[in-house]
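Visitor: Here is what each chain is made of, one letter per residue.
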Amino acid sequence: MSTQQAPLALEAEGICKKFGTLVANDEVNLKVEKGQIHALLGENGAGKSTLVNILFGLYKADQGEVRISGEKVEMNSPHDAINNKIGMVHQHFQLVPVLSVTENIVLGDEPTSKGGALDFEKAAAEVSELGKRYGLEVDPRAIVEDLPIGYQQRVEILRSLYRQADVLILDEPTAVLTPQETDHLLDVLRGLAAEGVSIIFITHKLREVLAIADQVTVMRQGKVVGSTDPKETNEEGLAEMMVGRSVVLRVAKSEATPGDTILSIKDLNVLDDRSQPALRDFSLDVQKGEIFGIAGVEGNGQRELVEAITGLRSAVSGSILMNGKEMSGSTAREISEEGISHIPENREKHGLVGPHSVADNLVLNRYFHSPFASRGIRQTTAINDEASHLVEKFDVRTASIHNPARTLSGGNKQKVIAARELSHDSELLLAAQPTRGIDVGSIEFIHQQLVNQRDSGVAVLLVSAELDEILSLSDRIGVIYQGQLVAIAPTEEFTRTQIGRLMTSGSD
Amino acid sequence: MKILRSALVPIIAVVLALLVGALLIQLSGSSPREAYAALFEGSYMGWENFGTTLEKATPLIMGGLAVAFAFKGGLFNIGGQGQLLFGALIAGAAGYGFSGLPWIIHMPVALLLGAAAGAAWGAIPGVLKATRGAHEVITTIMLNFVAANMAEWLCTKVWRKPGDILVRTPLIEESAEIPTFGNLPLGFLIAVAFAFAMWYLLQKTTFGFEVRSVGLNPNAASYAGISTKRIVILTMTISGFLAGIGGSIETLGVVGRYEPGFNAGLGFDGITIALLARTNPIAVIPAAVLIASMDASASLMQFKAGVAPEITDVIEALILLFVATPIIVRWFFKNKQGEEVSFGANWGSS
Amino acid sequence: MNSLLQRIIRLRWWILTFLGIIAFTIFAGDFRLDPTTAIFAATLRHSTPLVLGALCGMLCERSGVINIGIEGQMLMSAFVGFSVTSTTSSLYLGVAAGLACGMLMGAALGGLTVSLQGDQIIAGTVLNIAALGLTSFLYTPGETIHSKTPRIDIGPLADIPVIGTIFFSNQPLTYFSLLLVGIIWYALFKTTWGLRTRAIGEHPSAAETVGVSVAKMRYLNLIIGGGIAGLAGAYLSLEAVGSFERNMTNGKGFVALAVMIFGRWNPVGAWGAALLFGYTNAIQTQFQFRGWLTGHPQFIGMIPFIVTIVVLAGFVGKARAPAAIGQPYTRE
Numbered sequence: 001m002s003t004q005q006a007p008l009a010l011e012a013e014g015i016c017k018k019f020g021t022l023v024a025n026d027e028v029n030l031k032v033e034k035g036q037i038h039a040l041l042g043e044n045g046a047g048k049s050t051l052v053n054i055l056f057g058l059y060k061a062d063q064g065e066v067r068i069s070g071e072k073v074e075m076n077s078p079h080d081a082i083n084n085k086i087g088m089v090h091q092h093f094q095l096v097p098v099l100s101v102t103e104n105i106v107l108g109d110e111p112t113s114k115g116g117a118l119d120f121e122k123a124a125a126e127v128s129e130l131g132k133r134y135g136l137e138v139d140p141r142a143i144v145e146d147l148p149i150g151y152q153q154r155v156e157i158l159r160s161l162y163r164q165a166d167v168l169i170l171d172e173p174t175a176v177l178t179p180q181e182t183d184h185l186l187d188v189l190r191g192l193a194a195e196g197v198s199i200i201f202i203t204h205k206l207r208e209v210l211a212i213a214d215q216v217t218v219m220r221q222g223k224v225v226g227s228t229d230p231k232e233t234n235e236e237g238l239a240e241m242m243v244g245r246s247v248v249l250r251v252a253k254s255e256a257t258p259g260d261t262i263l264s265i266k267d268l269n270v271l272d273d274r275s276q277p278a279l280r281d282f283s284l285d286v287q288k289g290e291i292f293g294i295a296g297v298e299g300n301g302q303r304e305l306v307e308a309i310t311g312l313r314s315a316v317s318g319s320i321l322m323n324g325k326e327m328s329g330s331t332a333r334e335i336s337e338e339g340i341s342h343i344p345e346n347r348e349k350h351g352l353v354g355p356h357s358v359a360d361n362l363v364l365n366r367y368f369h370s371p372f373a374s375r376g377i378r379q380t381t382a383i384n385d386e387a388s389h390l391v392e393k394f395d396v397r398t399a400s401i402h403n404p405a406r407t408l409s410g411g412n413k414q415k416v417i418a419a420r421e422l423s424h425d426s427e428l429l430l431a432a433q434p435t436r437g438i439d440v441g442s443i444e445f446i447h448q449q450l451v452n453q454r455d456s457g458v459a460v461l462l463v464s465a466e467l468d469e470i471l472s473l474s475d476r477i478g479v480i481y482q483g484q485l486v487a488i489a490p491t492e493e494f495t496r497t498q499i500g501r502l503m504t505s506g507s508d
Numbered sequence: 001m002k003i004l005r006s007a008l009v010p011i012i013a014v015v016l017a018l019l020v021g022a023l024l025i026q027l028s029g030s031s032p033r034e035a036y037a038a039l040f041e042g043s044y045m046g047w048e049n050f051g052t053t054l055e056k057a058t059p060l061i062m063g064g065l066a067v068a069f070a071f072k073g074g075l076f077n078i079g080g081q082g083q084l085l086f087g088a089l090i091a092g093a094a095g096y097g098f099s100g101l102p103w104i105i106h107m108p109v110a111l112l113l114g115a116a117a118g119a120a121w122g123a124i125p126g127v128l129k130a131t132r133g134a135h136e137v138i139t140t141i142m143l144n145f146v147a148a149n150m151a152e153w154l155c156t157k158v159w160r161k162p163g164d165i166l167v168r169t170p171l172i173e174e175s176a177e178i179p180t181f182g183n184l185p186l187g188f189l190i191a192v193a194f195a196f197a198m199w200y201l202l203q204k205t206t207f208g209f210e211v212r213s214v215g216l217n218p219n220a221a222s223y224a225g226i227s228t229k230r231i232v233i234l235t236m237t238i239s240g241f242l243a244g245i246g247g248s249i250e251t252l253g254v255v256g257r258y259e260p261g262f263n264a265g266l267g268f269d270g271i272t273i274a275l276l277a278r279t280n281p282i283a284v285i286p287a288a289v290l291i292a293s294m295d296a297s298a299s300l301m302q303f304k305a306g307v308a309p310e311i312t313d314v315i316e317a318l319i320l321l322f323v324a325t326p327i328i329v330r331w332f333f334k335n336k337q338g339e340e341v342s343f344g345a346n347w348g349s350s
Numbered sequence: 001m002n003s004l005l006q007r008i009i010r011l012r013w014w015i016l017t018f019l020g021i022i023a024f025t026i027f028a029g030d031f032r033l034d035p036t037t038a039i040f041a042a043t044l045r046h047s048t049p050l051v052l053g054a055l056c057g058m059l060c061e062r063s064g065v066i067n068i069g070i071e072g073q074m075l076m077s078a079f080v081g082f083s084v085t086s087t088t089s090s091l092y093l094g095v096a097a098g099l100a101c102g103m104l105m106g107a108a109l110g111g112l113t114v115s116l117q118g119d120q121i122i123a124g125t126v127l128n129i130a131a132l133g134l135t136s137f138l139y140t141p142g143e144t145i146h147s148k149t150p151r152i153d154i155g156p157l158a159d160i161p162v163i164g165t166i167f168f169s170n171q172p173l174t175y176f177s178l179l180l181v182g183i184i185w186y187a188l189f190k191t192t193w194g195l196r197t198r199a200i201g202e203h204p205s206a207a208e209t210v211g212v213s214v215a216k217m218r219y220l221n222l223i224i225g226g227g228i229a230g231l232a233g234a235y236l237s238l239e240a241v242g243s244f245e246r247n248m249t250n251g252k253g254f255v256a257l258a259v260m261i262f263g264r265w266n267p268v269g270a271w272g273a274a275l276l277f278g279y280t281n282a283i284q285t286q287f288q289f290r291g292w293l294t295g296h297p298q299f300i301g302m303i304p305f306i307v308t309i310v311v312l313a314g315f316v317g318k319a320r321a322p323a324a325i326g327q328p329y330t331r332e
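Chains as they are written, first to last, in the working numbering: chain A, 1 to 508; chain B, 1 to 350; chain C, 1 to 332.
Hints were generated in silico from the structure; no laboratory data involved.
The reader is advised that the hints may include incorrect statements.
As a list, the in silico DSS-like pairs of lysine-lysine whose alpha-carbon atoms are at most 25 Å apart [said to hold, decoys possible]:
| # | chain 1 | residue 1 | chain 2 | residue 2 |
| --- | --- | --- | --- | --- |
| 1 | A | 85 | C | 216 |
| 2 | A | 31 | A | 18 |
| 3 | A | 34 | A | 72 |
| 4 | A | 34 | A | 132 |
| 5 | A | 231 | A | 205 |
| 6 | A | 349 | B | 229 |
| 7 | A | 85 | A | 122 |
| 8 | A | 114 | C | 216 |
| 9 | A | 34 | A | 205 |
| 10 | A | 60 | A | 18 |
| 11 | A | 72 | A | 18 |
| 12 | A | 122 | A | 132 |
| 13 | C | 190 | A | 122 |
| 14 | A | 60 | C | 216 |
| 15 | A | 266 | A | 288 |
| 16 | A | 114 | C | 190 |
Derived contacts from chain B toward chain A, CB cut-off under 8 Å, selection only [said to hold, decoys possible]:
| # | residue |
| --- | --- |
| 17 | 207 |
| 18 | 209 |
| 19 | 213 |
| 20 | 216 |
| 21 | 219 |
| 22 | 221 |
| 23 | 223 |
| 24 | 224 |
| 25 | 225 |
| 26 | 227 |
Backbone N, C-alpha and C define an ideal beta-carbon position, used for all residues, glycine too.
Given only the sequences and the hints, what does the whole structure look like? Please build it.
Guide: Structure follows, in structure tokens:
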């Protein structure tokens, strides 16, 4: 636990930060004691990442002070933060994929031999040693992009430990881990805390806060709404602090009434970008009126599966039948016209054309159909009418349908994509990470939309790294591991631990 | 109001460039006031001068349209020079090669054949980019050199009039000429018509929507079912077509034959104009007239103020510099609904 | 021995091409020793500006900045070097001036792309256009320099037949470019500077978050790279030709980019590619001597450009550029 008399390992006082008109941090205070595991809880957009980026020197606060062990520090760059023994494990790993584990860890602080040459052997030995000491063993010579995600995270953590961090910040570290890997990580963190390292742990997962934190600070809309010992509260209490109202933690849904099989994938083999097999003899049937959830650690073929079904990636062999019709080999447009909708996992890259207006984005999948176009000429009145209608129906917050889509918040962008895909007469909906990085209100909304689709007879294929989402929405679950479906059953028949093991190793 | 706001950056860029240009003129020993007075006189005083300016503006409009259209599709077409050259050459060949045709047929046919040549020359880098990922900046520049060599060969070996010492095509038939009405060249009107047509194509048609979508976010465009390969090829082809028209008009309306060495640097002018116009096809017209006026008066500036004619090249380079400098752009375009130009993002990707 | 054999088998197509080129050259040289040697010596000389240009492009792109302004840097430096030499009668000063000019332009590119976060392609194009305009404006025909840089024979090595003439009887910048290939290779792959450079080209924020300043390193690389391009320009006017003419680079800066891509952003690979392209230039002269394609000199002139396109179309799709190039990097 914490000692009350010693100076705080890290203290932030009165931190303010604005981006244009957006207030990201408003008089934020944070007190972290030495050897304490301090959770920073809040939903997406609450300002947690901004705060820790300030602590790490990536952003400069407009106002406020940061003190390390009682002394004020100025942080203008990560270099300063590192000198102050602050380390950060980022949500999106800051690793150079083509370099080795050792090179990534020692970058910037390299042991050298004469002539400025990198002393690789010495560095590799140090890395090995470090890994063993903290329970984070990795092969120092492995190339990072070849490592599974759990191991990449070890490298990311070792980067900070190599520089003897006294304060370790972790930004949503468990987002990409299986339950087993999460447990291992929490053990590692407990070990570090026992050695006196102070840990700041950002998360939006209530369960983890209760499991590991000594103290939790809750943020909402840029402000700190409270700081407490998790033992004195529960999941509902934390959720309410986080969102400001009572939150429905599980979406209400009735029993599913599945119909005929509408999508039938048989023995599908697909290669990834590096020409390695991503899907091996993959087979799956999805029925109308059900939500089929695919659980799996990222990088086991989910992305390639979605791309193969939507026509963005060609298969080496196997078939994809939609209503009995062979789809493999068709173009993306043909597949979309056949009745498949798709909410892509990367909304910025694949879902929206940012500079185009909200209206244009809302008809991005149908702009060539009448009434939106007639003989190649666009019909703006029809487009605007449809856009206004959809914006209202899906509660998209935007000043005007003519504003560029990139001005919308994450949640609203996702709603635009959902509005577009759900208004397209489809029989199959593919939703990939549909609620990643958006606010709780939008998450509730989209979950409800998915259930509505299911109830109206649409087949929904849900791919998500959030196990809770899969468990709460799916009627049936399939676990994908190294390109194959290793388990498939109705949701009730699975336990969390079981799924976790299947995700990690392919068997339970 | 919106138009005025968009015009602010290019206007500032031109003013800054003229100021720096004035400094350079001063340093080289001449009087900027005399030089700029000659500039104005040579381009705009008198119908004949103005007509010459418009005539010079015509290939610049087409060159600017070619580059601007490619920009919209996310492509950087530096091959306007070669595409225009082929257009001029083939139009010249078609102009003298057919005889006995009525003007109403001969002229458009020659014009379109030239345009087709430009289109083909633009299609090559388009196909290479779409199928092999070869970056169009390099391929189009290389093709410029190839075009220059090939045109010279064709003029020397195939289309030279027997007995003609100079390397060029024979004079075109009268039935292929693009006339001038008084001082107003028909070619200019054709160019203006194309500018409006391109604006309509981009803003009002589904094809234009596809081109713009691919230019802004090729990933999202493919997710939306747009075939990016097809759009890339079509965009470069149309871009080449536009440049080809520019060259054809120059041959059929101004020079009367194809002579190598004409229009050197027109390709780069096209880039300056397209950026000045913020890739808006209609804005290409005033931008082209501006640059043309400098070219039209270059010799008058030399005659009256003793300034080397290349000063206009320098001023144009400065305009390009100031237009492209993003800090100015960002400052003025905080909330603009619109499309920032960015090509670097597609380098090295196929 | 076994792994050497494996290596040879893996590289068999390259080796065959190499042998084929040698055979063709001997044929083109009319089976005589002197012309054949001359072609190879010319190949080395013609490849010098290309390898220098490619090394410049490589330093920039490896750190994440596209530099298509190499053409402009070479042209401007050629002019500046020439002008300084013609005024001061010192070749040393001329080369130094060319070097400085290239470095300045590299810094300018840095200003446009790193500090102002401008689009890198536009910035490079601006450099090219500005260079063309300024050099045409400032050049007065008729200026001359007294001589090109002298040929330096490296003692007894230069007397070795064929090899000696090709490798050990060259002008200073040519020697330097060979040295530079080795230096850059070592620096890029063995030193901490090289590691950091490669890191910021692949994943700049990874480097920034361990305290490496992406901006500073990019500036550094752009300036050093610019200097190298400056040497390429100085080579053209002071070592190869001995005078300046309008647009004398004539596309070499872009061919250098193709060389860099063909060489897969690796100094040794770039050197090999530069030799190949240098060869296309060298063989052009021989075509004329042998009277091949007489009456059609334009086709000979096209060769380097068509080869560039073919190489690009054939290879760039398969070669992997540093992942982060083309995007301005910003912390916030």
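Visitor: Compare the structure with the hints numbered earlier in the document and write down the numbers of the violated ones, lowest to highest.
Guide: none
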